[in-house]
Every structure is written in C-alpha cells, then in structure tokens.
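Visitor: Below, each chain spelled out in residue letters.
2 protein chains.
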Amino acid sequence: MFEASGLQTDFYELTMMNGYVASGMADRRACFDLFIRSNPFQGGYALAAGLADAVRFLKEVRFAPEDLDYLKSFGFFSAEFLDRLRDFRFRGSLLAVPEGTPIFPRAPILRLEGTLLETQLVETLLLNLVNFQTLVATKAARVAGEARDGSVLEFGMRRAQGANGAFAAARAAYIGGAAATSNAYASARLDIPAKGTHAHAWVMSFSREIDAFRAYAKTFPDNCLLLVDTYDTLNSGIPNAILVGKELRAQGKELAGIRLDSGDLAYLSRQARKMLDDAGFPKAKIVASGDLDEYLIRDIREQGGRIDVYGVGTRLVTAEGDPHLTGVYKLAAIQEEGVWQPRMKLSENIIKETLPGIKQVWRVFNAEGVMEGDVIALDEEGDPRRPDGRLLGINPLAEHQRKLHHPAELQPLLEPIMKDGEVIAPQPSLEAIRARAQKQLARIDETTRRLANPHIYKVSISERLLELRNKLRSEKRPEE
Amino acid sequence: MFEASGLQTDFYELTMMNGYVASGMADRRACFDLFIRSNPFQGGYALAAGLADAVRFLKEVRFAPEDLDYLKSFGFFSAEFLDRLRDFRFRGSLLAVPEGTPIFPRAPILRLEGTLLETQLVETLLLNLVNFQTLVATKAARVAGEARDGSVLEFGMRRAQGANGAFAAARAAYIGGAAATSNAYASARLDIPAKGTHAHAWVMSFSREIDAFRAYAKTFPDNCLLLVDTYDTLNSGIPNAILVGKELRAQGKELAGIRLDSGDLAYLSRQARKMLDDAGFPKAKIVASGDLDEYLIRDIREQGGRIDVYGVGTRLVTAEGDPHLTGVYKLAAIQEEGVWQPRMKLSENIIKETLPGIKQVWRVFNAEGVMEGDVIALDEEGDPRRPDGRLLGINPLAEHQRKLHHPAELQPLLEPIMKDGEVIAPQPSLEAIRARAQKQLARIDETTRRLANPHIYKVSISERLLELRNKLRSEKRPEE
Numbered sequence: 001m002f003e004a005s006g007l008q009t010d011f012y013e014l015t016m017m018n019g020y021v022a023s024g025m026a027d028r029r030a031c032f033d034l035f036i037r038s039n040p041f042q043g044g045y046a047l048a049a050g051l052a053d054a055v056r057f058l059k060e061v062r063f064a065p066e067d068l069d070y071l072k073s074f075g076f077f078s079a080e081f082l083d084r085l086r087d088f089r090f091r092g093s094l095l096a097v098p099e100g101t102p103i104f105p106r107a108p109i110l111r112l113e114g115t116l117l118e119t120q121l122v123e124t125l126l127l128n129l130v131n132f133q134t135l136v137a138t139k140a141a142r143v144a145g146e147a148r149d150g151s152v153l154e155f156g157m158r159r160a161q162g163a164n165g166a167f168a169a170a171r172a173a174y175i176g177g178a179a180a181t182s183n184a185y186a187s188a189r190l191d192i193p194a195k196g197t198h199a200h201a202w203v204m205s206f207s208r209e210i211d212a213f214r215a216y217a218k219t220f221p222d223n224c225l226l227l228v229d230t231y232d233t234l235n236s237g238i239p240n241a242i243l244v245g246k247e248l249r250a251q252g253k254e255l256a257g258i259r260l261d262s263g264d265l266a267y268l269s270r271q272a273r274k275m276l277d278d279a280g281f282p283k284a285k286i287v288a289s290g291d292l293d294e295y296l297i298r299d300i301r302e303q304g305g306r307i308d309v310y311g312v313g314t315r316l317v318t319a320e321g322d323p324h325l326t327g328v329y330k331l332a333a334i335q336e337e338g339v340w341q342p343r344m345k346l347s348e349n350i351i352k353e354t355l356p357g358i359k360q361v362w363r364v365f366n367a368e369g370v371m372e373g374d375v376i377a378l379d380e381e382g383d384p385r386r387p388d389g390r391l392l393g394i395n396p397l398a399e400h401q402r403k404l405h406h407p408a409e410l411q412p413l414l415e416p417i418m419k420d421g422e423v424i425a426p427q428p429s430l431e432a433i434r435a436r437a438q439k440q441l442a443r444i445d446e447t448t449r450r451l452a453n454p455h456i457y458k459v460s461i462s463e464r465l466l467e468l469r470n471k472l473r474s475e476k477r478p479e480e
Numbered sequence: 001m002f003e004a005s006g007l008q009t010d011f012y013e014l015t016m017m018n019g020y021v022a023s024g025m026a027d028r029r030a031c032f033d034l035f036i037r038s039n040p041f042q043g044g045y046a047l048a049a050g051l052a053d054a055v056r057f058l059k060e061v062r063f064a065p066e067d068l069d070y071l072k073s074f075g076f077f078s079a080e081f082l083d084r085l086r087d088f089r090f091r092g093s094l095l096a097v098p099e100g101t102p103i104f105p106r107a108p109i110l111r112l113e114g115t116l117l118e119t120q121l122v123e124t125l126l127l128n129l130v131n132f133q134t135l136v137a138t139k140a141a142r143v144a145g146e147a148r149d150g151s152v153l154e155f156g157m158r159r160a161q162g163a164n165g166a167f168a169a170a171r172a173a174y175i176g177g178a179a180a181t182s183n184a185y186a187s188a189r190l191d192i193p194a195k196g197t198h199a200h201a202w203v204m205s206f207s208r209e210i211d212a213f214r215a216y217a218k219t220f221p222d223n224c225l226l227l228v229d230t231y232d233t234l235n236s237g238i239p240n241a242i243l244v245g246k247e248l249r250a251q252g253k254e255l256a257g258i259r260l261d262s263g264d265l266a267y268l269s270r271q272a273r274k275m276l277d278d279a280g281f282p283k284a285k286i287v288a289s290g291d292l293d294e295y296l297i298r299d300i301r302e303q304g305g306r307i308d309v310y311g312v313g314t315r316l317v318t319a320e321g322d323p324h325l326t327g328v329y330k331l332a333a334i335q336e337e338g339v340w341q342p343r344m345k346l347s348e349n350i351i352k353e354t355l356p357g358i359k360q361v362w363r364v365f366n367a368e369g370v371m372e373g374d375v376i377a378l379d380e381e382g383d384p385r386r387p388d389g390r391l392l393g394i395n396p397l398a399e400h401q402r403k404l405h406h407p408a409e410l411q412p413l414l415e416p417i418m419k420d421g422e423v424i425a426p427q428p429s430l431e432a433i434r435a436r437a438q439k440q441l442a443r444i445d446e447t448t449r450r451l452a453n454p455h456i457y458k459v460s461i462s463e464r465l466l467e468l469r470n471k472l473r474s475e476k477r478p479e480e
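Chains P and R, in that order, are what the protein sequence lines are. Position one of the first sequence corresponds to residue 1 (the numbering used here), numbered consecutively onward. Position one of the second sequence corresponds to residue 1 (the numbering used here), numbered consecutively onward.
Heads up, some of the hints might be wrong.
[To be verified] Only part of the chain R face toward chain P is listed, based on derived beta-carbon distances under 10 Å:
hint: 1; residue: L7
hint: 2; residue: T9
hint: 3; residue: Y20
hint: 4; residue: S23
hint: 5; residue: M25
hint: 6; residue: F74
hint: 7; residue: L126
hint: 8; residue: N131
hint: 9; residue: R159
hint: 10; residue: G165
hint: 11; residue: A186
hint: 12; residue: H198
hint: 13; residue: A212
hint: 14; residue: T314
hint: 15; residue: T354
[Said to hold, decoys possible] Derived CB-CB ranges, DEER-like:
hint: 16; chain 1: R; residue 1: Q427; chain 2: P; residue 2: G252; range: 52 to 60 Å
hint: 17; chain 1: P; residue 1: F76; chain 2: R; residue 2: D149; range: 25 to 33 Å
hint: 18; chain 1: P; residue 1: G252; chain 2: R; residue 2: E60; range: 38 to 46 Å
hint: 19; chain 1: R; residue 1: Q401; chain 2: P; residue 2: F74; range: 50 to 58 Å
hint: 20; chain 1: P; residue 1: K218; chain 2: R; residue 2: G338; range: 19 to 27 Å
hint: 21; chain 1: R; residue 1: Q251; chain 2: P; residue 2: K72; range: 20 to 28 Å
hint: 22; chain 1: R; residue 1: E60; chain 2: P; residue 2: K72; range: 25 to 33 Å
hint: 23; chain 1: P; residue 1: N366; chain 2: R; residue 2: E60; range: 52 to 60 Å
hint: 24; chain 1: P; residue 1: G280; chain 2: R; residue 2: Q427; range: 55 to 63 Å
hint: 25; chain 1: P; residue 1: G304; chain 2: R; residue 2: A79; range: 41 to 49 Å
hint: 26; chain 1: P; residue 1: P282; chain 2: R; residue 2: E381; range: 50 to 58 Å
hint: 27; chain 1: R; residue 1: L243; chain 2: P; residue 2: Q42; range: 40 to 48 Å
[To be verified] To list a few chain P residues with every Cβ distance to chain R over 10 Å, as calculated:
hint: 28; residue: D27
hint: 29; residue: L243
hint: 30; residue: G382
hint: 31; residue: R390
hint: 32; residue: E409
hint: 33; residue: L410
hint: 34; residue: E415
hint: 35; residue: R449
hint: 36; residue: N453
hint: 37; residue: L466
hint: 38; residue: E467
Keep in mind that the hints were calculated from the coordinates and are not lab data. Idealized CB from N, CA, C, for every residue including glycine.
Start from the sequences and build out the full structure, keeping to the hints where you can.
Guide: Okay, here's the thing in structure tokens:
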C-alpha cells in the first residue's frame, strides 16, 4: 500500500495550487475529466480498473507536518498556501465508471468536481493508479480471451515495478480474467487464488532429477505438478514425471500434471500430451510458461498445442507491446461567479482537443444485448434520447459521420462514488468486479475484441455537446 | 515502501521450501547468483540499481501471524514448515555489485549464501527490486547520455506502476543521470531535486492565456517558467511569454523560461530560441517534453534543436522499448555433507545455461582507465592473474575465443554487504551512488555506449571455471 501523502503528486500541481491561492481562485469549483486517448495494444477496447485505490487516496490524502516542512524548504511557497494544506482534505465529488467495465477513447471514466485546489492536487496519482491497473486489466482480458478453455495464471511478480507494482498488477490481472496469481502476498491480502509448484532450483538442488521429483511427490502427493525442462524435457523430464506418476498411483494418488518452461511450447505440449496419454495419464494437466502473451497463445492453440494452463508473467505485468496507457486528466468546466463555464484545450492535433462541459456517458446496447456505441452528452441533458426513443451520436473528429441509435438498453456509465468528500457508494468486492468484467467483455462485439485492427467502437457526442464544442472553438481561435 | 512480509514471493518458493523441510534439506547451505541474461534496449550495458531495497527486505523480512494463517488455510503445508516460518529471519550472506556500477550479461551482480530455505524464499522479490530499478537506471543513463549538455528531468509519475513504482522509478532515474524529478513525494523522501511549473489546466482556468501567465509571474517572479502550447505556441504562447518577460524585467526580475509540450520540438525550439533571443531574452531556458526518449533527443539535437532541459516521463519510467529486464536467480552450488557441490542448469538453448560454483567477477581496466572486460572466476581462485600479471578470459559461449588481458587495474566487483543476516557494509547515500554511476559510465568505451548495435563488452570466464563447467556438462548429459 502506498502512503496517502499529499506529496504523491507532480511538483507542478503544488506550484499551480499556490498560484490559485495567490490569485484568489483556489476555491472556485472546477470539473475535471479523466479519460484515455486511445486503446492500448492497438486493440478495440480497454477494461477499467484502479478505482478502489483512487477512492482510498481521495479519502485519505493528507499533508503531514514533515510534508509541509519539505515544501517550506523551497522558499517560494506562500505561508497562506502552506497554511491551507495543513488541514487539507478532498471534499469534492467523484463520479466514475465502475471497475470491470469496458471503456473506449475520449469518454470520461472519472469525473471530479471540487475546488480548483483539491481537484488539481489529485490529478497525478489518479492518473497513475487508473492508467496502470486499466492497462494490465486490459492485457489480461486479451490474454484470457485467447486462452479460451485454458486458464491463465499471472506469474509476473519478478518483473513488475517493485513489490507494490506486482501487487497492483496481480489485482488488475485477476479483474481482467486471470484465474490465479503466483504472488503470495497479493493472494493473501486480496483473496486471489494462488498457484505455483517448484522451480529449476528444486531439481538442481538434488543430484538427480528423479530424486527431486520423488521428493516433491512425497511432500505434495495431492498437488504434484512437476517442472520437466531442467535437463531434457522429452528424454528425461517427462519420462521421470511419468515414473513418479506411476509410483503415486500405486499409493492411490494421481499426478496433477507437468510444467513446460522452455522450448517450442506447441510442439512440446503435443508430445507431452501423447506421452502422458500413452502412459495412462490422460487427466494430468499441462501447464506452460515462457514469454507467453495473447499472440503466442493464439498461435500455439492454432498449431494444435495441448496446454491446459498458461502461466503468463512478464508480458502481462509490464503490458509488453504498449507499456503505458494514454490516460489524461483535463479541465472541463470552471465556475466564474458561481456559474459553470465550459473549458476545452485546443490543439493543432485534433486528437488532443478535449470536450468541454460537465458530461455524462451513455452506453447504447442493441436488441441482442451487444454494445453498439457510447454517446457523450452534457450532464444537463439528462437522458439524451429524443421523444421517439432515438439517440443521435456525432463523431467528434468528423462531424458528418452521424449515427441514429435506437437503444434497446441505455446505461449512464458515470456513477456517483463520492460526494462532499464522503464515499456514498458501496465498494464492490474483487470477485464482483471480476464477474462484472467477464459479463461486460462478452457484450463487446467480437469484431471489436479482435487482437489487432479491430472494428472501431463508436464514441460519439450529442448535438448539444457538438454545438458547445464548436462555439468554444470559434471563440478561442484565431488568437489569444 | 512495501511491507517486508515473507509472503512477498512467488507461491512456488513456499511450496519448494516446504519440500526442502520435508526432505531434510532446508538447512543445507546454498549459493545463488542473480545476473542479467542480456542488456536491455539492445544496448551495450546496464546500470545496477535496487540494492538498497533488496538489503532492506533481507534485513526485515518476517512472517506475521496472519501470513501463517493464510498459508495454513491451504491445508497442504506441514506444521513443521509453518513452525519454522514463525521465527524466520534471513541469516545468510550477501555479496553485491554496488548500485551505480555498469554491469554486463552473465556476470553475477548479487551472490547469496545461506540455507536453502532462506535463499529460496527471497528469490522473487530480489529479482523484482533489482530488475526494475536496474532497467530504469539504464534507461536514464541512455537518455542523459544523449541529452549531452542539456539536463534531464524525470516526469513519469502518472504513467508508472502505482505510487511506489513511481517512487522507485524516480530513484533509479536519478542514479542513472536524471537531474531532478517531478515526483514531490520521491523528492521529499529521497532528497532528489524537484522541478515543475504549471500545466495546461492552469492556462485553461483563466479566460485568457495572458492572464494566466501574468498570474503565474506574480506568484513566482523568481521561478517563472511558462507553458506556451495551450492554444498556439508561435502565435500566442511565446509572444505572451515575452510580454510577461518584459513586465517582469520592469520589476527587476527575469523570465526563467518557457516549456514546449507538443508539436515538433526541433522546429519549435529553434523558433522559440530565435523569438526569445530577438526579444532580448537569451538566457530564458527552453524546456521541452512530450514522448521523449534517447532516440528522439538525439534526433532533435542533430536537427539543431535548442532545448536546455528535457522532461522525460512515460518512456523513462516504463522503460519503453524493453519494459522488462532479464534478471534471473540461479542455484550455483549446494553443500552436501558440508562440502560445496557446484550446480548448473543445462538447456538446449546455450544462452540459458548457467555457470556453476561460487564465483567472483573481476573487472579489467586498461591503461587509459577504460573497462576492457569482466572475467568470472571461481571464488577460491582469489586474484585470478597469472604470476606475470596477465589474465586469460574465455568466451563461455565460444571456447575458442580467448583473450589474454594485461590489466592496468583489476577490481573484484562483488563486495560483502551482509554476513550472517547483519549488514556489514555502510550504505552509500543516493548522491554517492549517483556520483559513482556518472564516473563509472564514463569508463565504458564509447563504442559500447552506442545506443544500438554497440560493441559487445567481453564477459569471459577463467580457465578453472571453464574446466568445471565442461566437467558438469559431460556428467549431466545425456540422461539422468
């Protein structure tokens, strides 16, 4: 667990906060959106995670006396500002997409309202927490999706960013669809199933492989899964495992299975399956590990690999292929004399333009229960459907692209989580989050779930939001 | 900071430990090596980091009563084993390459000696801590190397693996050569310089950019660095910054500089430099950020970019391009009836073969003080030079490749850090580690420091180690 210090932030948030205090703006109400700019891994979706840690931080964030001493030492923070930090609390509101919900670019997944002071401070850590866990949950969903009937174990602790990085990765991987983790600490503290048997060192610490296998079988007769690639998989490891399997059976026990950790896993798993079947062990499982990711798992499956359990480590916890998520946190509105004024960032790069105003995201499902698109509308629009039940969505990047949805089901995605600094929504269990993720992922069209070059899910905006956006665009340009 | 729980490990370490207890092997002395298999980023070296956290873990690791309850709940751990964990301490020895030392593949950087029980437990977290910090320190060294006279700020908190991942990344980046961090918490707790001014949100929270700049200048007249790309860098941001610079000068203050965060940084920095110079602000600094890494920095420099300070975030803390290090932890020797028996892992893939025996690494420097190669020798060889002062190194992957070094200077790299569970070496300050890194990096030949396709630094083995390796190879093959 991280310390919920007010210093858990980028230094510039603190200098800006001091600026807001000095300019008499610190207590103005502001609304910030957190959203992703693009899907990771060139895929068609992301899977939201990290909210629980974000809520803990918002609830607990404080400045300790030594934190204030640290800031004071710079010499340029004002006494008034430091004084305000002394009893700083986050007293704002939070709406958020629940963890385990598929999300798409540009639609806000967190919406904060509060004073400029408090909403600015928390930017950095909210991004940190949501970016990383969402990234790993998404990777896990991709990996588990390709594993099909096989199950996925998260094995990445030794390659994660520190002990707590590994902890967060285990949690996010479980949300995304991993069935278990190798991380005993995460298992104990988060109640995630733990898995693991032995390493090469076990085999090497005996003079002979067969002695190592026999000793393991003696210790764990009911959970005997043997790593067979220390010396020679096909000529030594598997024959020795079969021998031990027969010895176990003579005692009324069954060999749980074998693990492959090197070599060509498609070829070796086919050979291993045949050797185990021929020897009378059709129920012994084949676990495989070694540089696995969603692409390699798909290839192994398509090449007739016979793997029951995939151990996925490094490439899962480091989100290989795209090790960062593009989450950003942008000012959407600010009060001037008590009236909300929408704000947007312009950019020569239209992708970096933001959407102004206080917004809600509406998810459209079709008659088959499949997600059809998200429509971002102004909060004040309420249910944005026309009286005839239809809902117009406009592509914010290409206004001529419009779609008239006829939702069979319409869900507002941003749910109230905190109000005036207090948590007002019950926090779901990790099991419930994981179950939600599995259900929701199944409602994404399979063409959008494709690993690469997926069908682009439509995230559009309402007519009123388009009008507001275009009005602000024309006011800000050409110069200011 | 992470909790130094004994559960901070892969589950299979615990099952193996139980197996060692059941097999009467738990108290046999073992020696493990931690080393990297290849350099990250297709580069020529890595920079060791993470030892301080590793030492803290070894010193503090304990099993709390709830940790034992968790293990008991599985039903298959023996009472004898759980009993041993109750008063578990790491009571072994540690030798290590000091943080801030360049390292190369295959040469051990940590060497642990202790009971099989204790050395097995700590494998996972040692790998986790050393892998990640070494990876980020190496990336920082590459980035800072390309920045030349420019300085590098670590800006990556929002894209790191959680709050503690960001903390460790800030530390490692500083060791590798970053001059400061944006992470206030890491700055406060580790005494790293902090930097940062304001974000787009500052500008957007005012009606006009010029108002935002004036307010910032008023708050921080001595540290006024303005972000100029919120609306239009060349037509609005820089002219407004110059205007505020003139207003500051009228009060006897100087504009510190500007920051660019989007667009083509080579082009914009040249334009910005010219505009600032023409307006009479030749000393105003240009800070740039936005998807920077060592390659982009080199290109910008070669294209005449005029950047004084590079803010490097995402690609530094996530080690973009190679988000994991290949550190492994392998059994090198084990005692049988009080006598050390060397051990090695064979593999069809020769790269995965390990080096047997208790070893020391000797670093050869030539007469110019440049690193010439590392020679791995058996510990019992002591100083492995021949009587004539020469030292033969043999390529372990190609025995016919031999080099007779004539070292001008020879250093044993593995230094005693812990003995019988106690820390026996003073821990250097972060400043000292960083200074060591800068000095040592300069002693790597520049052809080995090249970003890609570098000259391969020679890591060889002594004749006696070669003999031992080949003897074990022939004993283990073909079958067992």
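Visitor: Hint by hint, which ones does this structure get wrong, listed from lowest number up?
Guide: none
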